[in-house]
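Each residue of the sequence shown is one higher than the one before, starting from 161 at the first, in this note's numbering.
Think of the hints as simulated: they come from the structure by calculation, not from any bench.
Note that the structure is a prediction, hence the values are computed from the model and not measured.
Check the hints yourself; a few may be wrong.
To be verified - Restricting the straight-line Cα-Cα distance to at most 25 Å, the calculated cross-link-like pairs of lysine to any residue (SDA-like) are:
| hint | residue 1 | residue 2 |
| --- | --- | --- |
| 1 | Lys651 | Gln668 |
| 2 | Lys518 | Ser640 |
| 3 | Lys253 | Lys337 |
| 4 | Lys585 | Lys518 |
| 5 | Lys296 | Asp416 |
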Amino acid sequence: MIWKKSLIIILIISLLMTSCGQVDIPNTSVDSSNEIEELTPVEGGEIIVPLTNLNTLNPLLTTNLYYYYFSKLIYEGLFDFDDNLNVIPKLAKDYTILNGGRTVSIELRDGIKWHDGEDFTAEDVAFTIDVIKYAKRESIYGSVIEENLGLGQAVNFNSVINTKIINNRAIEINFDKPYLNNLEILTFPIIPKHHFIAKGSNAIVKALEIDDYIPIGTGPYKFDSYEKNKTIKLSRNTDYWNGSPFIQQVIGKVLDDEKLILTAFETGQINMATTLGVDWDKYKQNSRIKVLEFISPNHEFLAFNYNNPLLSGELGLAIRKAIYYGINRQDIIHKVYLGHGTQIDIPLHPDSYLISDKAFSYGFNKEKAIEILEEAGFKDLDDDGILEGEDGKKLKLRLLTNPNNSYRRLVSDLIKEHLKDIGMKIILDFDTKYVKDYDGEEQEALWQEFITRLNRGDYDIVLMGWQSSIIPNLFPYFHSSMIDSGKNVIKFQDQELDQILTNTLINQSRDLKPDLYESLQEYMVENIPYVGLYFINKGLLVDTKIKGDLNPNFNNIYNGIENCFVKEKND
């Protein structure tokens, strides 16, 4: 269905409260196994991981989430992301930012070989960038460039980014402006120029082929074979620059959908699977399974209709602040998500190094919420539990969500209860009788109805979510210039916020990035353009025969697999 496919593509493009409302982010890399083992890594073995039907093995053109993860075993970028989502060198050995932030001068690592034995050079870097520029938005990485360098506008790919090869081990990458996400952009997979030159004329076009694509990378695993819509086989790269991995073979098994993937894992056909839903605690009693929990990119929030006088101006700010204090998010996380959520007030991923204390400004405080409403002039004039304003009208608001999301329906019920306790009447303004067995057409119709109402502003409050990018960029979601395009569904407008957002994307010094994002977080918790609720956690189910420090995250569920090994029960 369209609405599910778009979420997958977007993805590719990841608490303990105190009385004063502060929260701490837990370590969500949870190993459910209670058994502590000290084992010596051994070489060899085989693991089978899931794939879904894919249209290409080309890493620059794939829109398949499972192959996106899988391809990270084969390919590498100049840079990668660490556990705090900060940029670290990968194929780059070192870098210097010059020319007022417009130039990234990169020294490449020595001695790196492609899987076919050829040397990795600066020619490959320049070629890959040229291929992405030629593909433009047909490549997911072209879309990433436009999203982060275009400030909401289409970019001229010929001028926004260019390269200058200094020698085989050095290259300059030049941007038309001092973009703060310049290094983050350079995490795309590098492909081998020589391989496509050998195919004949027009190597760039050859590099964008979809069919019969042979993956050749620099990563810990190299491509062996592909049986279409059945399996992809990889073997360990014994010449890997960062040390040969232990596991001999990784097989990607193609399955029709996520439900079949889970079934295949439960029956032992594959050795890893991401969880569906949030009820994965049931696996903790199974000695064959361990669960590694991580924070997904799925962020849930409340947006407001600023055409409603109750929600705009100083009165609206007071009501939004009362809503922040009045909703018990930990209650929601535990009752709806079975504890698998991470509370935060802003839409930056909780793992990010850019997070400041401002991101945890609001905690559940019923008394504070009531006090704010009383100071704003609301009183319960008829003792019915619902407050009235100075005009005598009830404090009553309609809440919209997409009813085919079962979690949001449950969350809506709890929000209604929580806000009733502070004197607000919340009307659930959607189909509360939704039947989960609706067919695809009915599901699509419900989704389109929700989008139509959202676009025309037929709501007071809307409960919804988006998927945050690995590259920090809130410009599309909050800048006033993005309202007409439909990306800024919140429709909050303020010139001060516009300038802050622009500052987080364009600045001559990367060193200022944390300070600029702290200013953004401070603005958001003081002005409350929306109410951030939480990020939803995911789990990676792993066969316990896989030992070692696997550390999945929403950008790479196989993070650390090169340091893992296989130990069968009879070993």
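Results of checking the hints against the structure:
1. Lys651 - Gln668: violated, 29 Å
2. Lys518 - Ser640: holds, 23 Å
3. Lys253 - Lys337: OK: Lys253 and Lys337 at ~24 Å, within 25 Å.
4. Lys585 - Lys518: The hint is violated at about 29 Å.
5. Lys296 - Asp416: Judged against 25 Å, a Cα distance of about 30 Å means the pair is violated.
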